[in-house]
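Trainee: Protein sequences appear in the order of chains A, B, C and D.
Final position of the first sequence in the working numbering is 1459; the numbers increase by one with none missing.
Final position of the second sequence in the working numbering is 571; the numbers increase by one with none missing.
Final position of the third sequence in the working numbering is 937; the numbers increase by one with none missing.
Final position of the fourth sequence in the working numbering is 248; the numbers increase by one with none missing.
Read the hints as simulated data drawn from the structure, not as lab findings.
Any given hint could be a false lead.
[Unchecked claim] Quick list of the computed label-pair ranges, beta carbon to beta carbon:
(1) C:P739 with B:A205: 38 to 46 Å
(2) B:A266 with C:V926: 29 to 37 Å
(3) B:Q256 with A:T1346: 55 to 63 Å
[What the hints assert, rightly or not] Once the Cα atoms are required to be at most 35 Å apart in a straight line, the calculated DSBU-like pairs of lysine-lysine come out as:
(4) C:K499 with B:K334
(5) B:K531 with C:K499
(6) C:K768 with B:K429
(7) A:K1217 with A:K1281
(8) C:K768 with C:K735
(9) A:K1218 with A:K1277
(10) B:K334 with B:K89
(11) A:K1332 with A:K1218
(12) A:K1218 with A:K1281
As the structure is a prediction and not an experimental result, all values here were calculated from the model.
For every residue, glycine included, the Cβ atom is placed at its ideal position computed from N, Cα and C.
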Amino acid sequence: MSGLAAASYLTSTGEAVQFWILAVVAVAGALGAVLMKKAVHSALCLAGTMIVLAVFYLANGAYFLGVVQIVVYTGAIMMLFLFVVMLVGVTAADSLKETIKGQRLLAGLCALGFGVLLTAGIANAALRDFDGLGQANAGGNVQGLAALLFTKYVFAFEITGALLITAAVGAMVLTHRERTGPAATQRELAERRVRGGKQLPPLPAPGVYARHNAVDIPGLLPDGTPSELTVNPTLRARGQIRDVSGEALAELAALEQRSEDWLERDKRRAGERTEEGAK
Amino acid sequence: MSFPLLTATAAVPALGAVATAAVPAERRAAAKWLALAVSLVTLVLAATQLVRFDPDAKGPFQLTESHAWIAAFGVRYDLGVDGISVVLIGLTALLIPFIVLAGWHDADPLETHSSRWRPTQGFFALILMVEAMVVIAFEATDVFLFYIFFEAMLIPMYFLIGGFGDRAGERGEAESATQRSYAAVKFLLYNLVGGLIMLAAVIGLYAVTADQLGSGTFSLTEIVQARAAGKLDFATTTERALFLGFFFAFAVKAPLWPLHTWLPNAMGEATAPVAVLITAVVDKVGTFAMLRFCLQLFPEASKWATPVILVLSLISILYGALLAVGQRDIKRLIAYASISHFGFIVLGVFAMTTQGQSGATLYMVNHGISTAALMLVAGFLISRRGSRLIADYGGVQKVAPVLAGTFLIGGLATLSLPGLAPFVSEFLVLVGTFSRYPVAGAVATVGIVLAALYVLVLYQRTMTGPVAEPVREMPDLRARELAVVAPLIALLLFLGVYPKPVTQLLDPAVAHTMSQVHESDPQPAVHVNDAHVNDVEAAK
Amino acid sequence: MENLIGTLVLVPLLGAGVLLCGGRRLDRAGHWIGTFAAALSFVIGVVLFADMLGRSGEDRELAATVFSWVPVGGFRADVGFQLDQLSMTFVLLITGVGSLIHLYSVGYMAHDERRRRFFGYLNLFLAAMLLLVLADNYLLLYVGWEGVGLASYLLIGFWQHKPSAATAAKKAFLVNRVGDMGLSIAIMLMFTTFGTFAFGPVLENADKAGEGRLTAIGLLLLLAACGKSAQVPLQSWLGDAMEGPTPVSALIHAATMVTAGVYLITRSGAIFDGAPDAQTAVVTVGAVTLLFGAIVGCAKDDIKKALAGSTMSQIGYMVLAAGLGPIGYPFAIMHLVTHGFFKAGLFLGAGSVMHAMNDEVDMRRYGGLRRYMPITFVTFGLGYLAIIGFPGLSGFFSKDKIIEAAFAKGGTEGWILGGAALLGAAITAYYMTRVMLLTFFGEKRWQPAPSPEEPGAEPAAETRGEGRMPHPHESPKVMTIPMIVLAAGSVLAGGLFSLNDAFLTWLEPVTGHEEGHSPVTAVQVTTATLVVLFVGVALAWAQYGRRPVPVTAPPGSLPVRIARRDLLQDDINHIVLVRGGEHLTRSLVYVDHTLVDGVVNGTAAAVGGLSGRMRRLQNGFARSYAVSMFGGAAVLIAATLLMRAV
Amino acid sequence: MNPVNYLYLAALLFTIGATGVLIRRNAIVIFMCVELMLNACNLAFVTFSRMHGNLDGQIIAFFTMVVAAAEVVVGLAIIVTIFRSRHSASVDDAGLLKL
């Protein structure tokens, strides 16, 4: 893809094919990121788009950036996003229903106009002649970048370093919670719990008799209704609770029936009843 | 280079203002004395200007100072005085000490205020700040420099009007406070609108000069010379538009009917010294600027607009006087009287005759002094009774004869009685107008009857008749107050009998202005070749 | 000698300054200082007079330019004095009568605690009046003109605690201001016409200006004269001016100030000669006023008001004479001087009577006073004879001449004017006799002293006893002496003046004189005058002499009532000017508040409302702000593209 | 094919991202959309560097990434904090800009 540098420059067919396929993927990913209901899904879609972009970088002779894109962006930043998503709660699936009046419409209009104008701009910029990165990458892309970065852009580079540090510190400061006052002692905690009327003993374990012991199966109360307490809240939130109370009761009934039959209890009892009746 | 007298005259009060404001809260008296001292030093400097000013010197401006300021836009720090501005600077510097002295107790803290209460310092500092700005506005020969201070004046004035009022009488403090802030905002808005329109015109002026001279300039002298040399030539419509832009701002400041309504509120709500500051000092900048900028920059447009302006000023004269008759509030009455007088000034400026213009300039001075006298005495009266309503007074003359006497003299000056200064200027304006526009002159003369009406009605209702109950215990003028009024009255008498010192300063400047607008006095119908005039010349 | 002219004005001015600024410590000596200043100026006047007599008729005029007052471009006003025979006459009259009245006031105002200020004002008046007659240009004359107006304002309103006095003072000043307006416009017109307004050049070149301009100037001057001399239509203030202390009425509103109009017209003779129409206007005004004043004089019961009416009509005579041109000028001035004597005498007499009667002014409550106050009676009587023109007394000569001159105007105009003058003489005789009879003859009709709030009651009444019966007594010497002197003047002056036309020859260089060819001989006129005179006296005697006079005025027929109301002058003024003015101002105040201010406030409100609506856009949602941002970006791109495209 | 298509793609992605910013309420998703826009810019830069045959475009893209990283760190921290205080990541709930 490098090498020949000339006016009205065309890419190799291979790249063309690659572009047309991957472009579709990228756009799809972008749309997905925008439209998915759940943050997790949008994050994943975005990651996809980014990987595609990384490929495009490589295709454009920006080998270093391509790699960085994958490692830093897709690898680090997107993961950071995922962490946060998890932290905030995967479950928070916000409805795509618009609350601000006319927001959708306006946004659509602006986006349309913007896109059209931008495309028009690029179109009438008449970018015909591409002189590829032949000479630029001659000494190797990374070396070339390094050369620029540590000569021409060295100050900017230093400053971005400072920026990163500041950002890191800032993030800490923001998320760090200063403890005011001494930590609550065991006793205080206990008292607080009692006063709050919370569950004092440990929570009941999930599972039913020896039949089920999976964490997602709530234990049953004496009357056979499932007890929410026994299942951990996350599962509850996700609605991943397998409620087996119904079949459990049914099986119980069947079991007793069988044992009754086996003991032939009811005949004898009936006989006794008749005798008493005779007397 | 020589000692920058003009800069000093403006800088002294400015620095004085800062110093006054910096006086610690509990040392109020010190602040007052400091302010007084500063104003007196300024007066000395202004007097020095008057002395060092040479009426017969060549060239429009003297004592000039010129430094590059904003080179990019050709804005220069150009100062210079002609006869007119030097006289007006003198007036300003003269009045400020009296204003300070008269306002000695106006900003004193009430019992309710804490000892940390600072506005006393602020009051005097603001007054000095206004003085500094007015002085430099009079001195500036660079349009942009003038514009800046013309506008900057509004800020201290705004606080003076809105922050300090009469000790509330019947109306509660809260009520009068709202009235004050209304007046202050009104003042600010009116003048800001005018100023903004002027700003547009200023920029337009720059654009035109930049377009025609290559490098844009704001320098009055340069523009005038360029026009004289034919290098600069406004298109008719352009000149008219620019002229209107300038004139609007000045007409608001002046104030000319129908842009006058801010003045009664402002003067009514502000304390008497501040009211004097408004009408006797700040408003003069407007009329002065008409004379210096409107006429000199846009002679043709001025002539074009003259008929309309004359009509407006005539309306101002009669309208102001009639409304003064209809007022129930002493200060508002004086305010409307001032509107009528400003009508006379504008009339004289645009009559385009020597008599008219020097009359108008002299009128600025005399009106300053006479209104100061009347308004300050009225202020003393009001401070005694705590009410501005004419109906609350009566028979004061019996209990406080000196106060009544000074009030009467101030009033007589306002109705321009011969022998007192305003008569000379008013008559000059009338003659100047009459000799070119007889009808206008005759109509304007009706103003003197109305003036007599409102002054005498005011005097009769407040001072004469049976003694009203509330004023029975009213004390007469105190030493401080007398020290304020007496010199002003002496000045009124002196200038009424011997105005020559002022007029001979004015004449060359007026002649110069007249030559700028290419106007000359109309010749008398009958040529008189008599010995009388000649031997007068011999006598002179 | 020239320098003396200045001092003539300066002395009383200094007196006024000293008295007014002197403060209470001068209270004891104040009145004597004032009198001394007046007397001193009189002495100076006499000295100048002697000096003037020393020189021949033509070069008697003295001129002194003190300093250049307002020099602006072509406009030159100087403080310069000009003393010719005309001014001299006035100087002597003013300072002479003035000094006498100062003397009189010493007694009359003895009980007033503000006497010092009173004398200050009197001196101020003297200074202004002298300035008026000595000025050598119209602007300076205008200064004196307004100066006397101020003095009269201060003196009419001297008892300011009386609302009536304050109102009268204001009225006088305002009406005068209207006249002054005329004068100032006249001066402007002169300036535009001649380029100057000094007497010399203006009057010399008057003929060069067209008749139109001269007529305009003349009419404006006439307006001024009407204001100052209380001529129709600006006469209404004089009656009320009687609110002032009686010496003031004598000095200002009888002898001197009110005659300033006559002086103005005579001084500007050259202008009027060039403007016949203006002259016609003048004589008309004069004739109307002389009848008007006389009629009012007949109806008034207030002695001072009656005398005021008579003053009006006498000045009417003078104006009439002055309007006749050179035929009349000398006689106008002559009558002015004689009138100065006898009218001042009459007023002082009236003052003395009031003094004796606890400041009662209603003649119907007088009567039979001749026995109680003989000197007053005699002096007053002489003045009375003089004014009605009793043969041999001064009024006879002066008035007679005027009537002759009126006939001499010739044509129907002459007949009309002469007739009016004659009729006026008759009425004068009538009302003066009435005054005389009501005051000094008949039986006593005295009443207990009036309560002070009754109009015309003077504060001296408070100091003296309340409600006691008056016990008339002759006034002290200091008051009677001036009366005697003036009486002597009013007896002799006329005779002296007409002794081989002394006065005529004296004034001729200034005013000029020409013998009118009268259709009737002097003898006929004189006899006619005497006839109407006796008719008038007889009528009065018939009405008031024979039968007793009711103490309260009878309602009277409609014309009488109208005459009592000053021929409705005030009602007309009130309806036309006062009411109209009030409505005008009130409506204007409304307009200013609603319209002019309303427009502004309306705009402000509109802007406020608009921004209130705009405020809704700020819904606080970051995303909608983002939308606008994004839109802005789009617009920017569009803009750049457009710029590229073009 | 002409590499200018990369630019069209970048424009498209940028627009999509922007729209996302406008229509989503979840702060995190909005953030992702911002990232998307940044990436679109980067693609454009890279393409430009290819167009002009020098590496400056790539350098800029590199810096963009760094800045983006910093921004994300801080931004996510903010989101977390807000979520802690008001238990919601919806930007509409953070209506502090309201008058």
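Trainee: Each hint needs a verdict: does it hold in this structure or not?
Mentor: Hint check:
no., hint, verdict
1, C:P739 with B:A205: 38 to 46 Å, "57 Å, violated"
2, B:A266 with C:V926: 29 to 37 Å, "35 Å, holds"
3, B:Q256 with A:T1346: 55 to 63 Å, "59 Å, holds"
4, C:K499 with B:K334, "32 Å, holds"
5, B:K531 with C:K499, "32 Å, holds"
6, C:K768 with B:K429, "32 Å, holds"
7, A:K1217 with A:K1281, "20 Å, holds"
8, C:K768 with C:K735, "25 Å, holds"
9, A:K1218 with A:K1277, "13 Å, holds"
10, B:K334 with B:K89, "26 Å, holds"
11, A:K1332 with A:K1218, "44 Å, violated"
12, A:K1218 with A:K1281, "23 Å, holds"
Taken one by one, the earlier hints fail for this structure at numbers 1, 11, listed in ascending order.
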